[in-house]
Amino acid sequence: MIDVNGLCKDYTVKKKGAGLSGALKGLVSKNTGVIHAVRDLSFHIDEGEIVGFIGPNGAGKSTTIKMMSGILTPTSGSVLINGEDITKHRKEVVKHIGVVFGQRSQLNWDLRLEETFELLKHIYRIDADDYDKTMSIMDDILGIKELLDKPVRQMSLGQRVKGDLVASMLHSPKVLFLDEPTIGLDVSAKYSLRKFIKEINKVRKTTVILTTHDLGDIQELCERLIIINHGVMMEDGNLKEITDRVAPYKTLVAEYYDEDAPEHEKCEMISHEGNVARYRFLRSEISAADIIADLSSKKALKDISIEEAGIDDIIKIAYGDPVTDPS
Amino acid sequence: MKYRQVRRTGSAAGFEEIRMKKYLFIIKTQIIKSLTYEFNVYGNILMQTIIMITSAYFWRALYKGQGSVNGVDTDSMLIYVIISSALSVLLITNVERRIGGSVEKGTVATDMIKPISLFGMFFAEDIGSITALIFQNMLPIIIIGSLMIKVPVMADIRDLPLFVISVIESFLINWLIAALFGMTAFTAVNINALIQVKKHLIRLLSGSIIPIWFFPESVANVLYALPFVYIYQLPLSIYIGRGTRAEYLAQMRIQFLWLVILSALFFVVHDRVTRKVMVQGG
Amino acid sequence: MERSLDTLRHYLDVTAQNIKMAFMTIVEYPSNIAGWLISNPLQFIMGFAIIKFVVESFGEINGWNYGQLAFLYGLSVISHALSMIFFVQGWFMGWYVIEGDFDRYLTRPLGVLYQFFFTNINIFGITDLIPGIIVFIYGCITSGVQISFMFVIRVLIMLIGATLIRGGIYILIGSTSFHTRSAVDFGQYTQEIMDKTTMYPISMYPESMQFVLTYLIPIGWVSFYPVSSLLGIDNGISGGTATALITLAVGLLMMWLAGAYFNSGLKKYESAGN
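Residue numbers (the working numbering), protein chains in the order written: chain A, 1 to 327; chain B, 1 to 282; chain C, 1 to 274.
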């Protein structure tokens, strides 16, 4: 479906000094540098996948998604959608993609929502039957029909996002790109958006590619995560796989009746304060049940709990930040 | 450190100092901002040079075979062109666009309750841009004009104080007109058309391109009653020496009168608009 | 053949829809109409009056009398108005580049430049067109030209050429923003240069400047050469019916060059943010 091969993007930037003297110097001397925003990215995405691109700000995920949707021209490498190069055959390939970029609406600000849809109908040459069919599906998911007569400038952000989502789906694209779609949305709008993504993926087999900072999006939507930092791919896989790889341990917290805590040969005691001891163990080596059984055979347990590395810890680790103790 | 001291004493002069500092800070920031866009700097100089040279050729062609037309000879007209180009740098305002933007985005109500006067801020910004432009554009324009057209020597150097005062007043008149047009943004949704109207009025009726003395007397008399002539033509006339000192002083009285009228108008409209925004919330 | 006809039909269909939406937008903001209805005619009436004043003060300009100048001015304003309707967006290209507004056009299956101009078609340009036509008719009467069928055809072809030249210049200047990442302020300067070079005969300028305006930045073809050929004034370069065709050819060439420069710039487009 989508093949990305050796994708790179460099930006040339001007270096400017600070303050008045820096600005003055900038007028006469040329000091340019190259930023490698994306370096040698390769991956393959199958039809019907929902893939989340995550990474800290400036990691290159937006640049990547903009190259994949034909907006930016790669410095080198290629993006093939359905076997066709989007840079070389932009007009053909973009017929099969839809794009929603969080803070950038494609709706006509001055007119009723339906006028934008009408224009898109002409641009993508959508026939009336297909249009009606899509609209009824969209009405089921998002309740769009009640918004059709409303001028876009009078809409709330949540309503505009709904409008943009429908606008991006009118021509039934095979791939939908979303760049930080949930940014600034309230809880109910976020809910609609996630429902929309799940539905179109299920009903229309639309491949969805999104960038996000929202952990809820990742947990609820993404079957596959591609983690990017400094323009380089750090991880690629589903949440569970990545968790197993970067944070393959759990922590058992055991409370005893006194300050004396036993050791266990298959796990590491990472802290021991008062009656409470914390053990870190690898899930692949031993199960929590076995440890509990072993420990309780040595000493009476008062209370136990198990801590997993949370998704934000995993992302932190994957971004290359130092591991912080999950206590 | 100093701020804390001032606040403790709490004197009126102290607050005044803080206020001035704020505006000075805005001016400085704006200078830096203007300097950052180097392409704009060189692009503008290039464009202004082309306009200036085209205008010079234009007048040379018109004056071909004619000594003096309406009391002005070719050389004076060429100086008029150079100084007009240089002055146009001083008369760039952004205030109307800034108000328009603030109203359109709906941030005007919050902008107005900021601890700094909205128009004070726009004024400081324009002063900052112009300070940068004097060095970036005005000086290069005068130098290029001197090299390629003619050294723009002032007709009578003793009139320099009059020239400087009239330029300062013309800057203020121009700014007030821009601010007043900008404030129409509170009534009409889109002020682009009005900004254009203002631009054409100043372009064609201020003498910046064609001096009003080439207009028929009846038209010229009407224009001398309007404020536009006092933006360009008055300082330029003083510079090239078209007229007597008594005439300059008479015209400067009208210029000053317009400055007073426009300032009064500005404060009245400003008051109304502020009240309207505070009631309706923008 | 079949395929390009189909493409043409598609583009015309989208254009019709864009024009429809442009009218709807005008109706949505009635207060704007008044502004433009005053602003644009005002500009041209004053411009026209100034030419009269100049002629009265200095006599004929380089051998052109007032009627001929009115004819020149009228034709120039008409092509200006047409360029305002179709290509005015070019003036704002820099802002589109800086703010990343080309994203939307790049993800749609139509030409980027086409979408840029036609989704923002400026119906208000008609308010420039009307004073232009009035001045032109006035110029036709006072300069005493013979109006024949061929004359009308020549005028129309020249207008298309002149409009394309203007549009091409807007695109060329606007596209520099892809490389500089800053916006050129059009209104102030280019307008001024275009006025001085299209509303007066360029034969009044020195030869070096005429050369530039004929061959390098072909503004001379926007009004001077077409009009002098229509009025039968010798311009030293081109006369008769051929001038209309040359004007059109120059217009097409300018558009082609501008399109190529724009597309090369688009490869350097950086979108915005992040």
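These are calculated hints, taken from the structure and not from any lab test.
These numbers were taken from a predicted model, which means no experiment stands behind them.
Check each hint, because a few of them may be wrong.
Distance condition first, Cα-Cα at most 30 Å in a straight line; then the derived DSSO-like pairs of lysine-lysine [what the hints assert, rightly or not]:
id	chain 1	residue 1	chain 2	residue 2
1	A	Lys174	A	Lys205
2	A	Lys150	B	Lys276
3	A	Lys145	A	Lys88
4	A	Lys95	A	Lys14
5	C	Lys267	A	Lys91
6	C	Lys20	A	Lys133
7	B	Lys64	C	Lys267
8	A	Lys14	B	Lys28
9	A	Lys121	A	Lys202
10	B	Lys199	C	Lys267
11	C	Lys196	B	Lys64
12	A	Lys174	C	Lys268
13	A	Lys88	C	Lys196
14	B	Lys150	C	Lys196
15	C	Lys267	A	Lys121
16	C	Lys52	A	Lys91
17	A	Lys145	B	Lys105
18	C	Lys52	B	Lys33
19	A	Lys302	A	Lys266
20	C	Lys20	A	Lys150
21	A	Lys14	B	Lys33
22	A	Lys145	C	Lys196
23	A	Lys95	C	Lys268
24	A	Lys121	C	Lys20
25	C	Lys268	B	Lys33
26	C	Lys268	A	Lys88
Label pairs and their computed distance ranges (CB to CB) [to be verified]:
id	chain 1	residue 1	chain 2	residue 2	range
27	C	Ala272	A	Glu263	51 to 59 Å
28	B	Tyr42	C	Lys268	18 to 26 Å
29	C	Ile130	B	Pro115	43 to 51 Å
30	B	Ala109	C	Ala249	29 to 37 Å
Where is the CB? At the ideal position from N, CA and C, for every residue including glycine.
To see whether the hints hold, each was checked on the structure:
no., hint, result
1, A:Lys174 with A:Lys205, "holds, 8 Å"
2, A:Lys150 with B:Lys276, "holds, 27 Å"
3, A:Lys145 with A:Lys88, "violated, 37 Å"
4, A:Lys95 with A:Lys14, "violated, 36 Å"
5, C:Lys267 with A:Lys91, "holds, 15 Å"
6, C:Lys20 with A:Lys133, "holds, 25 Å"
7, B:Lys64 with C:Lys267, "violated, 50 Å"
8, A:Lys14 with B:Lys28, "holds, 22 Å"
9, A:Lys121 with A:Lys202, "holds, 24 Å"
10, B:Lys199 with C:Lys267, "violated, 36 Å"
11, C:Lys196 with B:Lys64, "holds, 17 Å"
12, A:Lys174 with C:Lys268, "holds, 27 Å"
13, A:Lys88 with C:Lys196, "violated, 43 Å"
14, B:Lys150 with C:Lys196, "holds, 20 Å"
15, C:Lys267 with A:Lys121, "holds, 28 Å"
16, C:Lys52 with A:Lys91, "violated, 52 Å"
17, A:Lys145 with B:Lys105, "holds, 27 Å"
18, C:Lys52 with B:Lys33, "violated, 43 Å"
19, A:Lys302 with A:Lys266, "holds, 21 Å"
20, C:Lys20 with A:Lys150, "holds, 18 Å"
21, A:Lys14 with B:Lys33, "holds, 15 Å"
22, A:Lys145 with C:Lys196, "violated, 54 Å"
23, A:Lys95 with C:Lys268, "holds, 23 Å"
24, A:Lys121 with C:Lys20, "holds, 14 Å"
25, C:Lys268 with B:Lys33, "holds, 24 Å"
26, C:Lys268 with A:Lys88, "holds, 15 Å"
27, C:Ala272 with A:Glu263: 51 to 59 Å, "holds, 57 Å"
28, B:Tyr42 with C:Lys268: 18 to 26 Å, "holds, 19 Å"
29, C:Ile130 with B:Pro115: 43 to 51 Å, "holds, 49 Å"
30, B:Ala109 with C:Ala249: 29 to 37 Å, "violated, 56 Å"
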